[in-house]
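Asks: As a plain string of letters, each chain reads:
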Amino acid sequence: MSTTTAPAPSAAGTPAPQGDPTARNRDPKRRKRILMAVGGALVAFVFVAPYLVMVLDSLRTSSDVKSTPPSFLPKVWQWDTYAQILGDERFLNWLKTSLIVATGSTIIVILVAIPAAFMTARHRFPGRGLFLLVVLVTQMFAPTSLVVGLYRQFFELNMINTYGALILTNAAFNLAFAIWILHGFFSSIPLEVEEAAALDGASRWQILRRVMLPLTLPGLVTATIFTFIAAWNEYVVALTLMIDDDKKPLTVGMRAYITGYEQHWDQLFAASVIAVVPVVILFAIIEKHLVGGLTAGSVK
Amino acid sequence: MRSTKQSVVVAGLAIAGLALGACGGGTGAGTAPGGTAGSTGEEAKTIKLVAAEYSKDHTKAFWDAFAKTYHDKTGYTLEVQVVSWDNIDQQSSTMIQNNQAPDILNLNAYASYAKDGLLYDSDAVLPAVVKDDILDTFVKYGTYQGKFYGFPDLSSARAFFYNKTLFQQAGIAAPPKTWTELEADAKKITALGGGKVGYALPLGPEEAQGEFSMWLFNNGGDWKTDGNWVINSDKNVATLDFLKKLADEKVTQNNPARTNRADAFDLFKSGTAGMVIGFSPLAADLDKDKKVDYAVAPFPSNDGTESKTFGVTDYLMAFKKPGNEKAVKAFYNLYYTPDQVNTFIKAEGFLPVTKSGVAYFSNEKALQVYLNTLPNAKLTPTDDPTWDKVKLAVQQNLGGAMNGSPKATLDGLQRTAESGG
Amino acid sequence: MSDSTTVSPGPAPVAGSGDRRSRMPSRGGRRRRAGRIGQVHPLVALLWLAPALALILGVVLYPAIKLFDASRGEYSITGLRKGDAGWDNYVKVLDHPDLGTVLRNTVVWVVAVVAITIVLSLALAQFLVKSFPGRRFVRWAVIIPWAASLVITSQLFVLLYDYNYGIINHVLLSLHVIGTPIDFLGDDSWTMFSMVVVGVFVSLPFTIFVFIAGLGAIPDDVMEAATVDGASPWQRYWNITLPLMRPALMIATVLNVIYVFNSFPIVYTLNDRNPGYLHDTTITFMYKLAFKSQEHDVGMSAAAGIFNVLLILVVVGIYLKIINWREETSR
Numbered sequence: 001m002s003t004t005t006a007p008a009p010s011a012a013g014t015p016a017p018q019g020d021p022t023a024r025n026r027d028p029k030r031r032k033r034i035l036m037a038v039g040g041a042l043v044a045f046v047f048v049a050p051y052l053v054m055v056l057d058s059l060r061t062s063s064d065v066k067s068t069p070p071s072f073l074p075k076v077w078q079w080d081t082y083a084q085i086l087g088d089e090r091f092l093n094w095l096k097t098s099l100i101v102a103t104g105s106t107i108i109v110i111l112v113a114i115p116a117a118f119m120t121a122r123h124r125f126p127g128r129g130l131f132l133l134v135v136l137v138t139q140m141f142a143p144t145s146l147v148v149g150l151y152r153q154f155f156e157l158n159m160i161n162t163y164g165a166l167i168l169t170n171a172a173f174n175l176a177f178a179i180w181i182l183h184g185f186f187s188s189i190p191l192e193v194e195e196a197a198a199l200d201g202a203s204r205w206q207i208l209r210r211v212m213l214p215l216t217l218p219g220l221v222t223a224t225i226f227t228f229i230a231a232w233n234e235y236v237v238a239l240t241l242m243i244d245d246d247k248k249p250l251t252v253g254m255r256a257y258i259t260g261y262e263q264h265w266d267q268l269f270a271a272s273v274i275a276v277v278p279v280v281i282l283f284a285i286i287e288k289h290l291v292g293g294l295t296a297g298s299v300k
Numbered sequence: 001m002r003s004t005k006q007s008v009v010v011a012g013l014a015i016a017g018l019a020l021g022a023c024g025g026g027t028g029a030g031t032a033p034g035g036t037a038g039s040t041g042e043e044a045k046t047i048k049l050v051a052a053e054y055s056k057d058h059t060k061a062f063w064d065a066f067a068k069t070y071h072d073k074t075g076y077t078l079e080v081q082v083v084s085w086d087n088i089d090q091q092s093s094t095m096i097q098n099n100q101a102p103d104i105l106n107l108n109a110y111a112s113y114a115k116d117g118l119l120y121d122s123d124a125v126l127p128a129v130v131k132d133d134i135l136d137t138f139v140k141y142g143t144y145q146g147k148f149y150g151f152p153d154l155s156s157a158r159a160f161f162y163n164k165t166l167f168q169q170a171g172i173a174a175p176p177k178t179w180t181e182l183e184a185d186a187k188k189i190t191a192l193g194g195g196k197v198g199y200a201l202p203l204g205p206e207e208a209q210g211e212f213s214m215w216l217f218n219n220g221g222d223w224k225t226d227g228n229w230v231i232n233s234d235k236n237v238a239t240l241d242f243l244k245k246l247a248d249e250k251v252t253q254n255n256p257a258r259t260n261r262a263d264a265f266d267l268f269k270s271g272t273a274g275m276v277i278g279f280s281p282l283a284a285d286l287d288k289d290k291k292v293d294y295a296v297a298p299f300p301s302n303d304g305t306e307s308k309t310f311g312v313t314d315y316l317m318a319f320k321k322p323g324n325e326k327a328v329k330a331f332y333n334l335y336y337t338p339d340q341v342n343t344f345i346k347a348e349g350f351l352p353v354t355k356s357g358v359a360y361f362s363n364e365k366a367l368q369v370y371l372n373t374l375p376n377a378k379l380t381p382t383d384d385p386t387w388d389k390v391k392l393a394v395q396q397n398l399g400g401a402m403n404g405s406p407k408a409t410l411d412g413l414q415r416t417a418e419s420g421g
Numbered sequence: 001m002s003d004s005t006t007v008s009p010g011p012a013p014v015a016g017s018g019d020r021r022s023r024m025p026s027r028g029g030r031r032r033r034a035g036r037i038g039q040v041h042p043l044v045a046l047l048w049l050a051p052a053l054a055l056i057l058g059v060v061l062y063p064a065i066k067l068f069d070a071s072r073g074e075y076s077i078t079g080l081r082k083g084d085a086g087w088d089n090y091v092k093v094l095d096h097p098d099l100g101t102v103l104r105n106t107v108v109w110v111v112a113v114v115a116i117t118i119v120l121s122l123a124l125a126q127f128l129v130k131s132f133p134g135r136r137f138v139r140w141a142v143i144i145p146w147a148a149s150l151v152i153t154s155q156l157f158v159l160l161y162d163y164n165y166g167i168i169n170h171v172l173l174s175l176h177v178i179g180t181p182i183d184f185l186g187d188d189s190w191t192m193f194s195m196v197v198v199g200v201f202v203s204l205p206f207t208i209f210v211f212i213a214g215l216g217a218i219p220d221d222v223m224e225a226a227t228v229d230g231a232s233p234w235q236r237y238w239n240i241t242l243p244l245m246r247p248a249l250m251i252a253t254v255l256n257v258i259y260v261f262n263s264f265p266i267v268y269t270l271n272d273r274n275p276g277y278l279h280d281t282t283i284t285f286m287y288k289l290a291f292k293s294q295e296h297d298v299g300m301s302a303a304a305g306i307f308n309v310l311l312i313l314v315v316v317g318i319y320l321k322i323i324n325w326r327e328e329t330s331r
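Protein chains in written order, with this note's numbering: chain A, 1 to 300; chain B, 1 to 421; chain C, 1 to 331.
This is chain A alone, in the form it adopts within the complex:
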């Protein structure tokens, strides 16, 4: 799949026949690459610009954020906002919750989705289609519309204000996507691979662990990042279920910076920057696997 995208000539306009590397048409080629790089920079700018404003705003004083006329650069560069935030125990607690919940949800989703996807992709049994339909239907639900019910459920389980409640919720609502992606991957593995292992006397678990899982690594990566981001950014359920301040995740806790009575825009945006950075780094690290993972999932 990589090679499709490599050679540029098949793109727009320039009718540069391949395999004719004369000096004359190397120049337009280079010009085109430069033009594309400029285009790329423009695209990147559009996506980054709003967040650039966010970073700049986090370095202003709060009153400078809302001053007229607005200025592009801070009047005073106020770097210690970040130190303040990182030294704030409440913020660190919110960060901790977000990390625990996102990690926990991701682990559960992966652990639960693997056997389900493996079973449905590689085996036939009555009710298989039904199970996949149920999974698909779950995908359609958003926790937002069920939040009242969720509160009741976790209240009955005495789990209000626990990481467990949030982890289970995020896991349940992101499970469908993970099963889907992994199902696609497992289905695509040649049967011979499995048969060879079975001939060696491996049990179903061993086949899954030793043979199948290594082959679905990109799918696992994709499912992981999806769940992690969804859980990291979840807002409505956490708002309702997590009442104690030190149990709130970042998305909910950060509202404390802006109340009806006072607004700390600098702190809000500094906290936001800190909340975004880990996810972007995570993304950057596994971006190439992500592309591979989506491929299998998308050829459904």
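Hints should not be assumed to be uniformly reliable.
Sample of chain B residues lacking proximity to chain C, with all beta carbon distances greater than 12 Å (derived) [said to hold, decoys possible]:
1) Asp72
2) Thr94
3) Gly117
4) Ala128
5) Gly195
6) Ala359
7) Ser362
8) Val369
9) Lys407
10) Asp411
Partial list, computed: chain A residues near chain B (C-beta under 10 Å) [to be verified]:
11) Trp77
12) Asp244
13) Arg255
Note that these hints are calculated values from the structure, not bench results.
Ideal Cβ placement from N, Cα and C applies to all residues, glycine included.
Using the hints, position chains B and C against chain A.
Replies: Then chains B and C, alone, in the frame of chain A:
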């Protein structure tokens, strides 16, 4: 139809799987379900407070310290949950739906809760000395059907803020005393150009009822008189007509109907707006920024008669739960000691709710303007449960008058109020 | 890895699986293979599926039943349940004077955001699979709106759009595109547009990456054959690329419809200053019914929530019809 058949099967499976599902959820639970505290008659040793977050740095710090003192002095334990104002309505509603009300709830309304029979009145949980100390105005507005339920935690009073620099530039010598003067001053400030705003008028959904209260009280109007709703009285219609006129003359900021209070404050804090109705937290922000040279004055009345001030208080209400009476009473006993209540109010930058508090703050120069007016402040009819809904209707509909008919808008609100919300 | 290596194949097994997928059009062959996949006893299968079932039924279905229960109760403004309401809450929702506006907004919101997102993403994905210097960084940049939570992004855009302090108005004014600032969020003719822009902005990253993956799965030989046949780039795109992208398009459309339909923070935050339901979608309508409006009625809100679920189920039904569910799962 294949798909219908399938969905029937899904439903069937869903129901069949319910039991299984409930078990599955349960395995994740660390603690055993059930066991609601205090469901028997025995005395509660731990009570729960749900408090609204006034400021990030002070509210939680105060209540945490308070809980410690409370435990040391009384032996009871106080669980504190600090909730942002945006969500406290949702939180409290969800808790009550699940029969899981806190013991003490801090909110800006109480009458509906009293009406639903959820609350203790002062006879049960408020020490008599404390009740005597609370300012009469607040006792009056905290009383529903002859009983005092709405115990105030802190208060604020609105005052008129003006930008001295802009007044000087526009050649205005003194703050306006009448609405005619206010209108003329607003025109002069707007005429300075550069996007300057004469009067910042927030009629957006956040606090439309607050802004309008200040205006209508100073035109001799009210929401309710002698137990009857008078929202669409001639005086109130004239008041809203005047606000529409200000907006039409473009001496307010752009789109007052869609401007929330915080946005109006921002305009004043950035030196763009000449006048705004503010309160003590705004003053604290202005003093911190030191960007705007401002002064505070009584809000002008329409005809130049004595200014009325609009006061606001929030409540600490006590929920009836078996066995929690003593702990709750101990809570109020401690909260209303001058050390506690005044410390809280001072940190948050608000105004006292007790007579001893007024005395305590009397040497604070910056608060004089508000303190003088506080004992005679007029409140919205918070003692009527209907108001809890009327308030929401006002927030959602009042701004509509800026692009429509003030009379029709107020007629609609009057109908809402008369039909019980 | 150098920039020119493009959509990287990753470790060998991955490339293997990817290549296999890309040979997809031989449906018949796949089905034959599928027939040889092992039969298992339903109980064994159940054992493997149990954790997933428990999670789905316990944390998705059970709350849905609780929601239904709430929708049949009569509630006080405080949240106290006063009794049973039968179907009254449903009637009240259907009778709500603003229901028509809300439904229209929902359709406009979902269709506009999804359609614009898909079209833009197709173009951007086509661009991002080409090789050029710095492509890697462009891809990282594209990811950011996905990585930032909707709550943060919405809050940020409120400030960017601001009438007085917003950088967008500031830039437009400085460039003399406009003479007076635009009230992006308070002017009724602009509000939906402004929300759609943000909706598209945050939906792009995911969609672009799905399409990049989809483009990567198109076999090279097909393209090369077409090029040799002398098909113009546009013809190649229309006749080969798009049809082969059908699965990716389908996934992107459906997932975006779901995400956008259920999107709460954008509409709620950007529409914060506007009274009434003029720009609300069914999701924010549901929330406001319970906590912000003069109705302030949990039961009514729950009924609206049930309608939301039904609406989404209709969408599922249509989706299943389109992708021909039976065939997809029976292979």
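Asks: Does each hint fit the structure? Answer for all of them.
Replies: Quick rundown of the hints versus the structure:
1. Asp72: Answer for Asp72(B): holds, closest chain C Cβ roughly 33 Å.
2. Thr94: Violated, since 7 Å does not exceed 12 Å.
3. Gly117: Incorrect as stated: the minimum Cβ-Cβ distance to chain C is 9 Å, not above 12 Å.
4. Ala128: 28 Å, holds
5. Gly195: The claim breaks: Gly195(B) does not keep its Cβ more than 12 Å from every Cβ of chain C (closest is about 8 Å).
6. Ala359: 36 Å, holds
7. Ser362: Ser362(B) is indeed farther than 12 Å from all Cβ atoms of chain C, at 37 Å.
8. Val369: Check passes; 28 Å lies beyond 12 Å.
9. Lys407: The claim holds: Lys407(B) sits with its nearest Cβ about 18 Å from chain C, beyond 12 Å.
10. Asp411: With a cut-off of 12 Å, Asp411(B) remains clear of chain C, as the shortest Cβ separation is near 15 Å.
11. Trp77: Result: violated, 17 Å to nearest chain B Cβ.
12. Asp244: Check passed: Cβ of Asp244(A) comes within 6 Å of chain B, closer than 10 Å.
13. Arg255: 5 Å, holds
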